[in-house]
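Colleague: The lines below spell out each chain.
Number of protein chains: 2
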Amino acid sequence: MTDSPRYLTGDGDGIRDFIDKFDVFLFDCDGVLWSGDYLFPGTNETLELLRSRGKQVVFVTNNSTKSRADYKKKLESLGIPSSTEEIFSSSYSASIYISRILKLPENKRKVFVLGETGIEQELRSENVPFIGGTDPAYRRDITPEDYKLIAAGDESVIDPEVGVVLVGLDFHVNYLKLALAMHYVRRGAVFLATNIDSTLPNSGSLFPGAGSISAPLIMALGREPVSLGKPNQAMMDAIEGKFEFDRSRACMVGDRANTDIRFGLEGKLGGTLGVLTGVSSKEDFVSGSVRPAAYLDKLSDLLGSS
Amino acid sequence: MTDSPRYLTGDGDGIRDFIDKFDVFLFDCDGVLWSGDYLFPGTNETLELLRSRGKQVVFVTNNSTKSRADYKKKLESLGIPSSTEEIFSSSYSASIYISRILKLPENKRKVFVLGETGIEQELRSENVPFIGGTDPAYRRDITPEDYKLIAAGDESVIDPEVGVVLVGLDFHVNYLKLALAMHYVRRGAVFLATNIDSTLPNSGSLFPGAGSISAPLIMALGREPVSLGKPNQAMMDAIEGKFEFDRSRACMVGDRANTDIRFGLEGKLGGTLGVLTGVSSKEDFVSGSVRPAAYLDKLSDLLGSS
Chain A
0 MTDSPRYLTG
10 DGDGIRDFID
20 KFDVFLFDCD
30 GVLWSGDYLF
40 PGTNETLELL
50 RSRGKQVVFV
60 TNNSTKSRAD
70 YKKKLESLGI
80 PSSTEEIFSS
90 SYSASIYISR
100 ILKLPENKRK
110 VFVLGETGIE
120 QELRSENVPF
130 IGGTDPAYRR
140 DITPEDYKLI
150 AAGDESVIDP
160 EVGVVLVGLD
170 FHVNYLKLAL
180 AMHYVRRGAV
190 FLATNIDSTL
200 PNSGSLFPGA
210 GSISAPLIMA
220 LGREPVSLGK
230 PNQAMMDAIE
240 GKFEFDRSRA
250 CMVGDRANTD
260 IRFGLEGKLG
270 GTLGVLTGVS
280 SKEDFVSGSV
290 RPAAYLDKLS
300 DLLGSS
Chain B
0 MTDSPRYLTG
10 DGDGIRDFID
20 KFDVFLFDCD
30 GVLWSGDYLF
40 PGTNETLELL
50 RSRGKQVVFV
60 TNNSTKSRAD
70 YKKKLESLGI
80 PSSTEEIFSS
90 SYSASIYISR
100 ILKLPENKRK
110 VFVLGETGIE
120 QELRSENVPF
130 IGGTDPAYRR
140 DITPEDYKLI
150 AAGDESVIDP
160 EVGVVLVGLD
170 FHVNYLKLAL
180 AMHYVRRGAV
190 FLATNIDSTL
200 PNSGSLFPGA
210 GSISAPLIMA
220 LGREPVSLGK
230 PNQAMMDAIE
240 GKFEFDRSRA
250 CMVGDRANTD
260 IRFGLEGKLG
270 GTLGVLTGVS
280 SKEDFVSGSV
290 RPAAYLDKLS
300 DLLGSS
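Order-wise, the sequence lines are chains A and B.
Position 268 (the first sequence) corresponds to 267 in numbering that gives the first Met the number 0; numbering is contiguous.
Position 143 (the second sequence) corresponds to 142 in numbering that gives the first Met the number 0; numbering is contiguous.
Rather than coming from a laboratory, the hints here were simulated on the basis of the structure.
Careful, some of the hints might be misleading.
Since the list gives no way to pick out one identical chain from another, each pair is judged satisfied if it fits inside one copy or across any two copies.
In silico lysine-lysine, DSS-like type, Cα no more than 25 Å apart, as pairs [as the list claims (entries may be wrong)]:
#: 1; residue 1: K147; residue 2: K73
#: 2; residue 1: K281; residue 2: K20
#: 3; residue 1: K54; residue 2: K71
#: 4; residue 1: K71; residue 2: K297
#: 5; residue 1: K147; residue 2: K297
#: 6; residue 1: K72; residue 2: K147
#: 7; residue 1: K73; residue 2: K20
#: 8; residue 1: K72; residue 2: K281
#: 9; residue 1: K54; residue 2: K20
With the hints as constraints, model all of the structure from the sequences given.
Modeller: So, in structure tokens, the structure goes:
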């Protein structure tokens with residue numbers, strides 16, 4: 000994708016032609032529809048416009064701390080009408096991958112979770128057994144005895160049925176959990192991440208993202224996880240499996256070139272649309288190595304189509 | 000260094016010649032003298048042999064969780080006679096670097112520490128003010144309010160005098176500390192690490208090392224810290240500054256090719272000696288990209304010199 004993206008803000012005809020090309024719009028959320036708890040003006044009107052023209056709307060988020068049900072509540076709290084079916088989160092994508100794609104041996108079906116409740120809810124919805132996660136038993140310091148038991152693979156600390164380590168954003172990450180995750184992978188567990196976003200936008204600034212929770216393990220193990228969030232195509236496959244859309248008639252809308260736009264390009268969608276209300280800059284979209292087909296100052300500029 | 004290393008175990012003449020070439024022996028400790036709490040047989044006899052021949056012995060450790068005084072206690076507990084003066088730790092090296100090399104503005108002299116008491120003790124010994132570290136006030140979950148205050152740089156959570164972030168192995172790492180460290184660096188603080196060892200040997204296995212505590216910040220910031228431990232030459236300069244030895248008459252002894260041996264080679268020491276009682280394998284020493292001048296099955300094979 001080396002063409003310069005088309006700048007659509009204020010280009011009424013261009014916007015109308017662009018919208019007409021697609022049946023499905025996949026939306027990244029934070030940085031596109033809202034920022035943190037601030038709904039961008041015109042977000043709802045824009046979604047209404049698309050729905051009124053018969054477009055399928057899908058909310059695609061790498062946020063693994065929330066389940067689809069949580070995310071629907073988040074959308075509702077901001078006044079955005081949605082259904083759970085329209086939502087795809089990286090925790091859901093990871094759960095689908097574990098339950099339907101990974102062929103785990105009968106006695107290795109358990110998941111050790113580094114993450115929050117969103118992952119747990121989605122694993123439960125797919126009937127995947129798990130340990131770790133928000134279990135308070137893991138929210139403690141490592142002890143000298145732990146080192147010996149972990150090193151020895153003692154079943155009081157190491158569950159022999161764990162066949163997967165799944166890492167998402169964990170606001171309760173600690174050394175004990177990292178040590179356990181490291182040992183499960185060393186013992187043969189599949190190393191997965193819901194997503195590897197390096198940062199998390201909040202309050203107009205950036206904080207450590209889910210990738211920062213995988214990073215210690217990547218460093219200690221010398222191995223990368225399989226990431227199930229954007230831009231990984233496992234997530235696109237899951238979305239397509241659900242909505243059975245024509246990729247050439249779908250458009251990915253996002254604020255991050257290296258995740259959202261890349262996700263759409265590698266998924267061979269008919270279109271990609273960048274917005275300048277999040278992480279990537281105009282410079283990124285126009286001159287970066289990953290460029291959308293078109294970009295807008297803000298999503299609600301789509302309202303200027305008629 | 001592309002020559003094959005000389006295998007000295009059982010080679011009495013070779014060992015004698017090798018020892019005679021040096022006045023100073025720098026020892027990595029864990030994996031060379033002991034493993035965890037297990038003193039290798041012959042360690043003391045070997046150190047006695049070297050001392051009896053007038054060799055200066057220096058213990059060089061990347062372990063930042065202990066101060067030099069703590070480390071002396073560790074050596075004593077294993078029955079190894081030593082003086083604090085013979086010990087160089089990465090926390091000491093980092094403190095020297097901050098107090099004597101970095102030229103910090105008057106109002107930016109404070110260090111935000113991600114690490115344990117060893118770092119704190121060494122910073123105190125150099126009169127460097129610090130916050131964070133083992134302060135229990137930082138051992139808590141991040142709150143929604145924290146995000147806002149941190150993003151805004153509010154002085155209730157962000158100390159404007161912090162000019163350095165120093166990251167070592169922190170067994171109490173948490174999301175709040177990572178978020179604060181990230182923001183201090185984004186606000187201009189110098190990003191330092193005591194060391195970036197990916198793993199920590201314990202109980203015959205490997206656990207996340209100090210590098211695993213820097214890793215989330217490297218990922219979130221897209222920047223590497225300056226590391227003051229082996230193989231960084233700031234540590235060699237500090238050792239040389241203290242002992243004023245002739246580098247051509249010094250030998251680095253270690254079990255890790257990519258830290259210990261590299262440290263000696265890049266420091267242009269007269270010799271490097273690998274031992275096979277730790278992380279690196281014979282294959283690493285003989286065919287790896289970083290090769291010692293000589294290697295032994297175990298350190299005490301030096302006793303077979305006469």
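Colleague: If a hint holds in the structure, say so; if it doesn't, say that too.
Modeller: Do the hints match the structure? See the list:
Taking CA atoms no more than 25 Å apart as the test, K147 paired with K73 passes between copies only; the shortest distance there is 19 Å, against 43 Å inside one copy. With identical chains, the CA atoms of K281 and K20 are at most 25 Å apart within one copy only, with a shortest distance of 23 Å there and 62 Å across copies. Only within a single protomer do K54 and K71 lie at most 25 Å apart by alpha-carbon distance; the minimum there is 19 Å, versus 71 Å between protomers. In this assembly of identical chains, K71 and K297 lie within 25 Å of each other by CA distance solely inside one copy; the values are 23 Å within and 61 Å between copies.
In this assembly of identical chains, the alpha carbons of K147 and K297 lie at most 25 Å apart only when taken from different copies (24 Å versus 55 Å within one copy). When the C-alpha separation of K72 and K147 is checked against a cutoff of 25 Å, the pair qualifies only between copies, where the shortest distance is 22 Å, while the shortest distance within a copy is 44 Å. Proximity of K73 and K20 under a CA criterion of 25 Å is satisfied in neither setting, with 30 Å inside one chain copy and 71 Å between copies. Taking the closest pair of Cα atoms, K72 and K281 never come within 25 Å of each other, the shortest separation being 32 Å inside a single copy and 58 Å across copies.
With identical chains, the CA atoms of K54 and K20 are at most 25 Å apart within one copy only, with a shortest distance of 11 Å there and 79 Å across copies.
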